[in-house]
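Protein sequence lines, in the order shown, are assigned to chains A and B.
What the first sequence shows, in the working numbering, is residues 1 to 451, in sequence order.
What the second sequence shows, in the working numbering, is residues 452 to 902, in sequence order.
Some hints here could point you the wrong way.
Computed Cβ-Cβ distance ranges for the label pairs, DEER-style [claimed, not checked]:
#1 A/419 x B/739: 23 to 33 Å
#2 B/739 x A/309: 31 to 41 Å
#3 A/58 x B/642: 15 to 25 Å
Below, a list of computed lysine-lysine pairs in the DSBU-like style, where the Cα atoms sit at most 30 Å apart [said to hold, decoys possible]:
#4 B/512 x A/416
#5 A/5 x B/868
#6 A/84 x B/678
#7 A/416 x A/55
#8 A/281 x B/456
#9 A/147 x A/227
#10 A/202 x B/868
#11 B/653 x A/60
#12 A/5 x B/659
#13 A/417 x A/446
#14 B/727 x A/417
#15 A/31 x A/84
Because the hints were derived from the structure by calculation, they are not lab data.
Since the structure is predicted, the reported quantities are computational estimates derived from the model, not experimental observations.
Glycine residues also receive a C-beta, built at the ideal position from the N, C-alpha and C atoms.
There are 2 protein chains.
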Amino acid sequence: MTPFKLTDELIEEIEHLIDNNDKHALLDLMKDIHYADVAEIIDELNLDEATYLIKLLESKKTSDVLTELDEGIRDRILENLTAKEIADEIRELDTDDAADIISELPDERREEVISYIDDHEHAKDIVELLRYDEDTAGGLMAKELVKVNENWTVLNCIGEMRAQAENVTRVHSIYVVDDNEKLLGRLSLKDLLTASTKSAIKDVYIRKVDYVSVHETAEEVARIMAKYDLEAIPVVDETNRLVGRITIDDIVDVIRDEAERDYNMAAGISGDIEAKDSILKLTKARLPWLLIGTFGGMMAAGIISSFQEGMGDYIILLSFVPLIQATAGNVGVQSSAIVVQGLANDSIDGEIMGRLFKEFLLALVNGGSIAFLVLLISHFGFGTEYLISATIGIAIISVIIIAAIIGTFIPIFLDKKGIDPAVATGPFITTSNDIFGILVYFSIAKLILGF
Amino acid sequence: MTPFKLTDELIEEIEHLIDNNDKHALLDLMKDIHYADVAEIIDELNLDEATYLIKLLESKKTSDVLTELDEGIRDRILENLTAKEIADEIRELDTDDAADIISELPDERREEVISYIDDHEHAKDIVELLRYDEDTAGGLMAKELVKVNENWTVLNCIGEMRAQAENVTRVHSIYVVDDNEKLLGRLSLKDLLTASTKSAIKDVYIRKVDYVSVHETAEEVARIMAKYDLEAIPVVDETNRLVGRITIDDIVDVIRDEAERDYNMAAGISGDIEAKDSILKLTKARLPWLLIGTFGGMMAAGIISSFQEGMGDYIILLSFVPLIQATAGNVGVQSSAIVVQGLANDSIDGEIMGRLFKEFLLALVNGGSIAFLVLLISHFGFGTEYLISATIGIAIISVIIIAAIIGTFIPIFLDKKGIDPAVATGPFITTSNDIFGILVYFSIAKLILGF
Numbered sequence: 001m002t003p004f005k006l007t008d009e010l011i012e013e014i015e016h017l018i019d020n021n022d023k024h025a026l027l028d029l030m031k032d033i034h035y036a037d038v039a040e041i042i043d044e045l046n047l048d049e050a051t052y053l054i055k056l057l058e059s060k061k062t063s064d065v066l067t068e069l070d071e072g073i074r075d076r077i078l079e080n081l082t083a084k085e086i087a088d089e090i091r092e093l094d095t096d097d098a099a100d101i102i103s104e105l106p107d108e109r110r111e112e113v114i115s116y117i118d119d120h121e122h123a124k125d126i127v128e129l130l131r132y133d134e135d136t137a138g139g140l141m142a143k144e145l146v147k148v149n150e151n152w153t154v155l156n157c158i159g160e161m162r163a164q165a166e167n168v169t170r171v172h173s174i175y176v177v178d179d180n181e182k183l184l185g186r187l188s189l190k191d192l193l194t195a196s197t198k199s200a201i202k203d204v205y206i207r208k209v210d211y212v213s214v215h216e217t218a219e220e221v222a223r224i225m226a227k228y229d230l231e232a233i234p235v236v237d238e239t240n241r242l243v244g245r246i247t248i249d250d251i252v253d254v255i256r257d258e259a260e261r262d263y264n265m266a267a268g269i270s271g272d273i274e275a276k277d278s279i280l281k282l283t284k285a286r287l288p289w290l291l292i293g294t295f296g297g298m299m300a301a302g303i304i305s306s307f308q309e310g311m312g313d314y315i316i317l318l319s320f321v322p323l324i325q326a327t328a329g330n331v332g333v334q335s336s337a338i339v340v341q342g343l344a345n346d347s348i349d350g351e352i353m354g355r356l357f358k359e360f361l362l363a364l365v366n367g368g369s370i371a372f373l374v375l376l377i378s379h380f381g382f383g384t385e386y387l388i389s390a391t392i393g394i395a396i397i398s399v400i401i402i403a404a405i406i407g408t409f410i411p412i413f414l415d416k417k418g419i420d421p422a423v424a425t426g427p428f429i430t431t432s433n434d435i436f437g438i439l440v441y442f443s444i445a446k447l448i449l450g451f
Numbered sequence: 452m453t454p455f456k457l458t459d460e461l462i463e464e465i466e467h468l469i470d471n472n473d474k475h476a477l478l479d480l481m482k483d484i485h486y487a488d489v490a491e492i493i494d495e496l497n498l499d500e501a502t503y504l505i506k507l508l509e510s511k512k513t514s515d516v517l518t519e520l521d522e523g524i525r526d527r528i529l530e531n532l533t534a535k536e537i538a539d540e541i542r543e544l545d546t547d548d549a550a551d552i553i554s555e556l557p558d559e560r561r562e563e564v565i566s567y568i569d570d571h572e573h574a575k576d577i578v579e580l581l582r583y584d585e586d587t588a589g590g591l592m593a594k595e596l597v598k599v600n601e602n603w604t605v606l607n608c609i610g611e612m613r614a615q616a617e618n619v620t621r622v623h624s625i626y627v628v629d630d631n632e633k634l635l636g637r638l639s640l641k642d643l644l645t646a647s648t649k650s651a652i653k654d655v656y657i658r659k660v661d662y663v664s665v666h667e668t669a670e671e672v673a674r675i676m677a678k679y680d681l682e683a684i685p686v687v688d689e690t691n692r693l694v695g696r697i698t699i700d701d702i703v704d705v706i707r708d709e710a711e712r713d714y715n716m717a718a719g720i721s722g723d724i725e726a727k728d729s730i731l732k733l734t735k736a737r738l739p740w741l742l743i744g745t746f747g748g749m750m751a752a753g754i755i756s757s758f759q760e761g762m763g764d765y766i767i768l769l770s771f772v773p774l775i776q777a778t779a780g781n782v783g784v785q786s787s788a789i790v791v792q793g794l795a796n797d798s799i800d801g802e803i804m805g806r807l808f809k810e811f812l813l814a815l816v817n818g819g820s821i822a823f824l825v826l827l828i829s830h831f832g833f834g835t836e837y838l839i840s841a842t843i844g845i846a847i848i849s850v851i852i853i854a855a856i857i858g859t860f861i862p863i864f865l866d867k868k869g870i871d872p873a874v875a876t877g878p879f880i881t882t883s884n885d886i887f888g889i890l891v892y893f894s895i896a897k898l899i900l901g902f
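Throw the hints in and build the complete structure from the sequences for me.
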């Protein structure tokens, strides 16, 4: 496959055709471009050009393009369309994608758009989906699925399935329900094809089926589907009625978004931020985290100046502050990253004491090696007095141990309190380790050298 | 769905049954436990117990359990099995999973195990897959797929498909090939069912199909499948012959592993590391990164002591070193994290100058706010002389600008050189920013205050 390559020439050609209002050539050019690639092209166009293109292309394609666009760009394009045009664009979409788009509209517009959807069943399904929080199973699911009643025969079932399958892009499983729509089990296509057409469904279906509740978090749904290698999972309401289905492609997005969020959080960036966002949006996402570091730095300055007086000959100790700080920060981030990931994939849960003890041992090993190296370099390289070098060495082991314990304890503690432990990595942990590290360093130095 | 919960009681019960050699009760207990959960149970057992359980359970279940286990544990269990036993366990597996397991065995054992696989086709397919690097499409693909010849009729095709589907767990697409096995297109199940049984395949198939080459990297395959929402993608060799198929569940694992690796790298942890790994393995993954920080810290110490002499009244400047360092580190990590993610999902490629200019503006805004705050706190809070406070403020803006530029430039540079830019985040960028930051700080101070 020659992957699609977004070139400046292509964008120029498209802009040129839009300028000349050459609809025919434009449609011809866009014909073979996948909707995900069209979304990338639209990213590069200005708002008027993008709106022109969206209006020009057939709604079967643009509906998919809209689902692929970044929220910011999509919102601006939708503002340029009438409620009727939006309703036409999303007519072709599955209920989950349609609901995602409508949920971003202002309240009054939302109702207007829905009123223009002529398929009443579709509109009703979308309204139902709008009720759910987007980070839950209800917010992820689509109403499109194939279900059969346990009392039907295989023959009924095949006819009914054909009709339902019309609206379902990919059939992963056929779900079996009772007269009250309660989920009972599932049916494999293979079993259905090999069973006698007269058999009752109740005699051939599989009574074991994985499912999630509408209120389950998106993260937990992703964990279950990835762990059990599921390509689709049915969703039930409080009374166990089958209300929707989540497919693996939506979960791939959840996993990627989650990973991106955790990564950003570890780097001190909050929210869904991309390189191309505005300076204002980027500042909002970055400045608060930098301020944590600023206040930490000011506290550290306070600690240092309080020790500085009367330090006299030992002023050389100040030169090693960056070393102490870098080491404390790095160790803290390492320890917390391991715990945060372990908590995320459920491979450690809550066994605080064991984890702390292991980090303590690890800190002894790592701290010992680093302290020895620092002692050698500062004594032989810098010609620092032996006692001072030894002091720095001892301080560094202590700082590493404390940093490792803080880095391990904070995420586990946050997790127990129901706060996302990913918050703990990054600036938060480095700042607290900076402060504790410097305090421990000077306290030990004062104790040993007695200034 | 009541999620499976791994309790101490369950583990104790299983250990008790193993001790008493109560096979009947054990099989009964394990009957309804999903293979992914059995893998979690085995994680908690000792090696003898784990081996006992693997040998006891039927190979249909244990084969899947083996694919879910961590490599370390799996290797030790496999060492306890004979080549014949291993061959029996993996008989039920798809070729890709079987190849993954066999590839971990020592060379001589590998051949022995393969010689015990009685299905020669299966053995041949596995041997073929063993040739590919595990991080390529060839290493990810399975040989199980459904393919039909363009010259067949729909009727031929349905019969042939039934036979092939026997070996394929989930049919995602039917691929169409010519007499030389070259991939021509695909066939939808819907089209096949609605077409007349006498039509030739060549008249009904879709000539457009996404595919990847065996040598494509796993990351690129993941990117393509996620972008185009594909549930399966065919794999072709150099001559365009259809040689395998990759399914989305394997890609979910690739995406998760990749995200974990990037996250760890940003935190200064190399390799595939988990919380439960040994102290030695954890030290190997963590110590090298800490040493980068140590050497950086020693260099910073050198810079500070060289400025320290003759600093006289301005010794208070040393107190603000942690502030400079924390700010430089945080800004550097933020800038690099945004670039690294942008490069990973292809939303920025190579437009260095634009990125650098944007980061420069952002650094001016963020740096300005922070510098103003620092000036206020250091002057009014610490009672630092106005000129010194202003110096610190000016230095901090400069440091932020330089840190942002280094953080942006290094990942883009590495990417251009073909090195994974994720290496650049974490300790590497914080350390270089520490050194540059401190150098800039004291240089500016010396220039303004003239010591």
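Now the hints, each set against the structure:
The hinted window of 23 to 33 Å between residue 419 of chain A and residue 739 of chain B holds, with their beta carbons roughly 32 Å apart. Between residue 739 of chain B and residue 309 of chain A, the C-beta spacing of about 39 Å keeps the proposed range 31 to 41 Å intact. Checked against the hint of 15 to 25 Å, the pair residue 58 of chain A and residue 642 of chain B passes, with Cβ atoms roughly 21 Å apart. With a CA separation close to 35 Å, the supplied pair residue 512 of chain B and residue 416 of chain A exceeds the 30 Å bound.
At roughly 20 Å between alpha-carbon atoms, residue 5 of chain A and residue 868 of chain B fall within 30 Å of each other, so this suggested pair holds. Taking the CA atoms of residue 84 of chain A and residue 678 of chain B, the gap is near 29 Å; set against the 30 Å cutoff, the hint holds. Taken as a hint, the residue 416 of chain A and residue 55 of chain A pair is broken in the structure, with Cα atoms around 51 Å apart against an allowance of 30 Å. Annotation: proposed proximity of residue 281 of chain A to residue 456 of chain B is violated, straight-line Cα distance about 42 Å (limit 30 Å).
Among the hinted pairs, residue 147 of chain A with residue 227 of chain A is consistent with the structure: their alpha-carbon atoms are about 25 Å apart, no more than 30 Å. Between residue 202 of chain A and residue 868 of chain B the alpha-carbon distance is near 62 Å, which puts this suggested pair outside the 30 Å criterion. Between residue 653 of chain B and residue 60 of chain A, the direct Cα distance comes to roughly 26 Å. Compliance with the 30 Å bound is thereby established for this hinted pair. Restraint check for residue 5 of chain A and residue 659 of chain B: satisfied, since their Cα atoms lie roughly 18 Å apart, inside the 30 Å limit.
Restraint check for residue 417 of chain A and residue 446 of chain A: the C-alpha separation of about 37 Å exceeds 30 Å, so the hint is violated. Note on residue 727 of chain B and residue 417 of chain A: the hinted pairing holds, with a Cα-Cα distance of about 23 Å set against a maximum of 30 Å. Only pairs whose Cα atoms come within 30 Å are accepted, and residue 31 of chain A paired with residue 84 of chain A is accepted, the gap being roughly 25 Å.
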